[in-house]
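Asks: With chain A held as given, fit chain W onto it using these hints.
Just so you know, the sequences run in chain order A and W. Sequential numbering of the first sequence, starting at 10, is according to this note's numbering. Sequential numbering of the second sequence, starting at 51, is according to this note's numbering.
Among these hints, one or two may not hold up.
Said to hold, decoys possible - Dumping the calculated DMTMM-like pairs for lysine to aspartate or glutamate here, alpha-carbon to alpha-carbon at most 25 Å:
1. W:Lys171 / A:Glu232
2. W:Lys188 / A:Asp143
3. W:Lys137 / A:Asp239
4. W:Lys87 / W:Asp263
5. W:Lys171 / A:Asp239
6. W:Lys115 / A:Glu226
7. A:Lys140 / W:Asp173
8. A:Lys17 / W:Asp146
Hint data in this document are derived by calculation from the structure and do not stem from the laboratory. Source: prediction; values computed, not measured.
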Amino acid sequence: MNNIVFGKYIPLDTPIHRLDPRAKILAMLVMLVAIFIPAGWTGYVVLALAISFVVKVSKIKFKVIIRAFRPLIFMMCFLLVVNILSVKQGQLLVDIGFVKIYADAIFNTLYIIIRLFLMIMLTTILTMMTKPLDLTLGIEYLLGPFKRIGVPAHEIAMMISIALRFIPTIIEETIRIMNSQKSRGVDFEEGKLKEKITAVVSLVVPLFSVSLQRADELANAMEARGYVPDAQRTRYRRLHYVRRDYILLVGAILILLAMIALALFL
Amino acid sequence: MVLYMGIMKNVVEVKDVYFAYEEDNDALKGVSFAVEKGTYTTILGHNGSGKSTIAKLISGLLVAKSGEILIDGEILNERSIESIRRKLGIVFQNPDNQFIASSVREDIAFGLENYCVDPEKMDAIIERYAALVDMKDKLEKEPTNLSGGQKQRVAIAGVLAMQPQIIIFDEATSMLDPKGKEEIKKTIHDLHSDRALTIISITHDIEEALNSDYVIVLNDGKLYKSGRPEDTFKDKEGIEAIGLDIPFTYKVAFALKEKGIMIRDVAKIEDLAEEIWRSSLKN
Chain A
10 MNNIVFGKYI
20 PLDTPIHRLD
30 PRAKILAMLV
40 MLVAIFIPAG
50 WTGYVVLALA
60 ISFVVKVSKI
70 KFKVIIRAFR
80 PLIFMMCFLL
90 VVNILSVKQG
100 QLLVDIGFVK
110 IYADAIFNTL
120 YIIIRLFLMI
130 MLTTILTMMT
140 KPLDLTLGIE
150 YLLGPFKRIG
160 VPAHEIAMMI
170 SIALRFIPTI
180 IEETIRIMNS
190 QKSRGVDFEE
200 GKLKEKITAV
210 VSLVVPLFSV
220 SLQRADELAN
230 AMEARGYVPD
240 AQRTRYRRLH
250 YVRRDYILLV
260 GAILILLAMI
270 ALALFL
Chain W
51 MVLYMGIMKN
61 VVEVKDVYFA
71 YEEDNDALKG
81 VSFAVEKGTY
91 TTILGHNGSG
101 KSTIAKLISG
111 LLVAKSGEIL
121 IDGEILNERS
131 IESIRRKLGI
141 VFQNPDNQFI
151 ASSVREDIAF
161 GLENYCVDPE
171 KMDAIIERYA
181 ALVDMKDKLE
191 KEPTNLSGGQ
201 KQRVAIAGVL
211 AMQPQIIIFD
221 EATSMLDPKG
231 KEEIKKTIHD
241 LHSDRALTII
251 SITHDIEEAL
261 NSDYVIVLND
271 GKLYKSGRPE
281 DTFKDKEGIE
291 AIGLDIPFTY
301 KVAFALKEKG
311 IMIRDVAKIE
321 DLAEEIWRSS
331 LKN
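This is chain W alone, in the form it adopts within the complex:
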């Protein structure tokens, strides 16, 4: 992974973007970052930091006041929007408000209809992607009979069926119960296992950010920090000052350091236990 990072091309480039919902009140104040192809990037930030706005700008649902957004090397504007939209899928927060049709099967078909896919071929596509998110046995179900997690999985299947290169998850797990959250996180993780897809996840979940390739931290409409999770979470004071939490393993490591026990920063609980064993053996 380390080897090919940097030589891979940027699939999303955000260059000095400004955006305002109301005049004289910029929600984004000159944000720039890039996302490399095939990576799993998380965007963190407290409420109102502008992270959902970024998602809507990248997917062309909002238009930036100034600045430039490039998707797969193509500048996003009114002319390119339709071709860019085919490269990009987005899964929103509210499971109910993105379920358009009256059954799972027809909801997955919705995007295919929009892209004028031959109806003869739709069933095979629908079944393939429903199986991928483990919803194949629920194809005829209505949204009222599905859990939040299941509806989100249908939304993911609907996006996947359109074969995008990039999928944005805009707080896709935040309205789900713990079980639903785990299901969706696992589904996203599995999707990314072959690294063919670029995933951008806008989230509050620090642990998810820790397991991603890149972290982008926004604060008050500006880029606060970006980089690998290990580097980002080293800045305990800074991260906590802008209203975010740091991962549990990092907290333990910091607390131990304050007591004079030095251990390496690690992401996984198992590695943390290992590190603690090692340091106790040294003493």
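If we strip away everything but chain A, and leave its shape as in the complex, we get:
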């Protein structure tokens, strides 16, 4: 199951791990904006250097990030083809009868690929270096100011954290139901499409029914322990910005400004 979860949290103790989740989320958003500013090749070099530095500090192997990139290769080939067919500007590079490849087509595709690559690197760093619960807490804090306009920040965070908490439990449950259906003769691996669908139904129906029962019992347990959704409650885990968080944010904003400057003056 581990390789399915993309950007799964890696429990290490690096400076990136210790950063405040809010600072990490905000810095990531700022950097995402920076990536989309058309600052030419110099800009991409600056961004790539900055992000590579973070990857270096975070001790993730580049190999792991490349692996996250692999499912997108098909999409990139597709992009390349579309660009070749549609972009008719720049220097003519190849001309074989009906196929004419122009330089801009290649450059456009490269731009998009680099942007995607940088984006994936950023988000992977965020999710690999931040506990899912810290992320949730960060989101709750960041959405806090929007409570006034009716954004249920706390409820959203509570839902995400319960969902995260129950992922392993539900996976266990799924395996258990699959095994008990297999022992009753259901074949999950082989058979025609129709047979496969029947097999999946025999898994999904009990899984739903058990999950609903679980939800009911969980709601009872939460209520019995005094949980009222929209009531005032204190938080055990609190977040505090410290110096390194400000450094990260200032760094991200400086990079954004640099990109804007590059885009305007080059």
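Replies: For chain W alone, kept in the frame of chain A given last:
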């Protein structure tokens, strides 16, 4: 114990309570009983007798169709529910479905957060109650890495941290392996050793009922019997007729009586052996 029973006040009073999950099909048909402060009361009954329904009614998770429930002298209704909930904790059957947070520490904190406890004070409270259920070295563990018994102990710590007067155990050991069952039974027993807490245990475990102060037997939504365990289990035919078992020591005593050997009813195996020795010496 015998001395102060009766003069102690009733901390839970259930008065002629009716409840129906579906219309025209009452799960509870006029149940009344009382639980004295500081006692260990077990509620027995076969499946569908209404014993878990009673637990949910007392803790305000369900609302009775008619009748009255008083907790610590206060009538349970929509207005009093929040103050009553603070006096009462409940440990459910399924260890997984009451583990709300992603670590032991945060799960114990969940109830404290709900009661707006100052976060500065939470660590001390969490550590105190985790130590009480012998989970202090596992505070950072995730639920997937804990056994059923350990998860139930976390649930108990979570309830204790809220300092209730009454704790209801709703078949809290029924989904555990024998080792987990023993752990939880010992934890509950230790909790009750100073008699500050009132414990209501809904159970299938006849031996647990035998070791409690009071037994309430439900059958088909009605109160079948209530009283001290010694008196309750004397009624061998009646208890067996409603689908329950009687304790092993009582069974032996009954079997011996049928053979004309009279011994006193005793709860403990050791006392039974003693009684058998004594009767064999007499003959």
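Asks: Evaluate each hint against the coordinates.
Replies: Consistency of the hints with the structure:
{"no.": "1", "hint": "W:Lys171 / A:Glu232", "verdict": "holds (23 Å)"}
{"no.": "2", "hint": "W:Lys188 / A:Asp143", "verdict": "holds (20 Å)"}
{"no.": "3", "hint": "W:Lys137 / A:Asp239", "verdict": "holds (22 Å)"}
{"no.": "4", "hint": "W:Lys87 / W:Asp263", "verdict": "holds (11 Å)"}
{"no.": "5", "hint": "W:Lys171 / A:Asp239", "verdict": "holds (23 Å)"}
{"no.": "6", "hint": "W:Lys115 / A:Glu226", "verdict": "holds (21 Å)"}
{"no.": "7", "hint": "A:Lys140 / W:Asp173", "verdict": "holds (20 Å)"}
{"no.": "8", "hint": "A:Lys17 / W:Asp146", "verdict": "holds (23 Å)"}
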